[in-house]
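Student: Now for the letters of each chain:
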Amino acid sequence: MTSERKIRANRANARASTGPKTARGRSRAARNALRHALSLPVYSDPALSEEVETLAQKIVATDANAEKQELARRIAEAQIDLRRVRHARHQLLSQALSDPDYESEAMLGKKAALAIRCLRRIDASMPMPEDAMEFLSSKPEGPYKLATILTDKTRQLLALDRYERRALSRRKFAIRALDAACSAQRTGA
Amino acid sequence: MSKVSILAAVSDHSLFGPPPLLEGEDAAAYDELYGRVCAAVKPVDIIDEIYIADVVTLEREILRLRRLKLSLIKASLHGPLQNFLTEALDYREYRQGFEQNLAEILQTRLSQEQARELAHRCARSEQDAVKKVEIVLQAAGLKMNRILDQALADRAKALTQEYQRGEPRAIKQVTKVLASSGRTMDDLIAIAVNDKTGFGSDHDHLTILERIDHLITVAETRRNVTLREIERRRTRFGEALRRQVQEVEGEFKVIEKTPAEAKSAA
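The listed protein sequences derive, respectively, from chains A and B. The first sequence begins at 1 in the working numbering and counts up one residue at a time. The second sequence begins at 1001 in the working numbering and counts up one residue at a time.
Source of the hints: derived by calculation from the structure; they are not laboratory data. Do not take every clue at face value.
[To be verified] On the chain B side, residues computed to face chain A include the following (Cβ under 8 Å):
1. Gly1017
2. Leu1022
3. Ile1047
4. Ile1050
5. Leu1068
6. Ser1071
7. Leu1215
[Claimed, not checked] Example chain A residues on the side facing chain B (calculated, C-beta under 8 Å, incomplete):
8. Arg83
9. Leu97
10. Ala147
11. Asp161
12. Arg186
Values in this document were obtained by computation on a predicted structure and should not be read as measured data. C-beta: ideal position from N, C-alpha, C; glycine also.
All chains should be built: construct the whole structure from the sequences, respecting the hints.
Tutor: Below, the structure is given as structure tokens:
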């Protein structure tokens, strides 16, 4: 049995881990779901819910029983969610790739530090050392650019990946349930 | 699936969103892959079509990432290969370059013909020519070793570029140099991926390649799960079809003729 002391400690720990404490932290956490709105259910958007209904009707006929229609709606909902996640991922990569001046934040920091060091050391009338100039004007190009973006955006991509995994799982089990329902109906008939 | 219905399936991207193509990628290649998968799987319903769209999207992603990984390794190989060739190239490989460079330098002190002749003999290590060249170079404040090093570096650079362009002669030559020094291309790849400069980003090569490998694994796993789901549905579909056929066959009983009927028929 859990001791009274342990229970008190657990309660105290739980009270200490209930999210952000500062006003800045609370305001940032409040905007979490708004970043790409992927956690919002599709039915919160009228256009998307219409798409769900259209797709559900393509999955099962309108005269199908209520159970099948509900399952079809679940599949359609997961499919539309999946499309939203993939679109968000695609936008993230496309925008970064189409930016001709794309540079990772860490690299920008390094360049700024080098520029400051060079300016402190050398006379203003003297030209910047060639290798420093080469480094400062370098930009990721070709395969390096996509590799840099994929590595820089790891956090966002992982978050999107979690949404995608959940949508895929929901869709798979809904499809299996619909297949089972159709199969049961055939056997029953 | 007919060609017309494949094209119809290809054009119906509305359900699955536009093709997930990145800058510079070929939309026609995506449509072709889509059409080929459709033709192979022959979707029977919208669920099959959803799965096919997934397989195509994931396959494109896998190909894109594999290509990216290969390009990165190939590009990062440039430095280690050039360094290796600078150390391992035989004099015969860059003698011609050395002769040309030397002739150009000697022309500032000698006539064009004399310079060429002397450079040619010096490059063939004829002792009297080497001594004469050293005297001329000394007067110009130059050293023979510097010119040799420059010729070697130029040849190593050119050979690396030719190798990366996939020129057969360069590939053969690099393979020969590697073999003669007891090394393999894998040794150079190991040096390349351990580079800490990270393809111009803030991460080292290994971190980036690991990240790409992880993305490839995720996409491959998802593609395989989707393929298994198609297979599962096909099995279920096949079983249902078999049951239907058995039921239909059961409904049609073979009515055998009684002996009397058979007699009268005869």
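Student: Would you list, in rising numerical order, the hints stated earlier that this structure does not obey?
Tutor: Nothing - there is no hint that the structure violates, so all of them hold.
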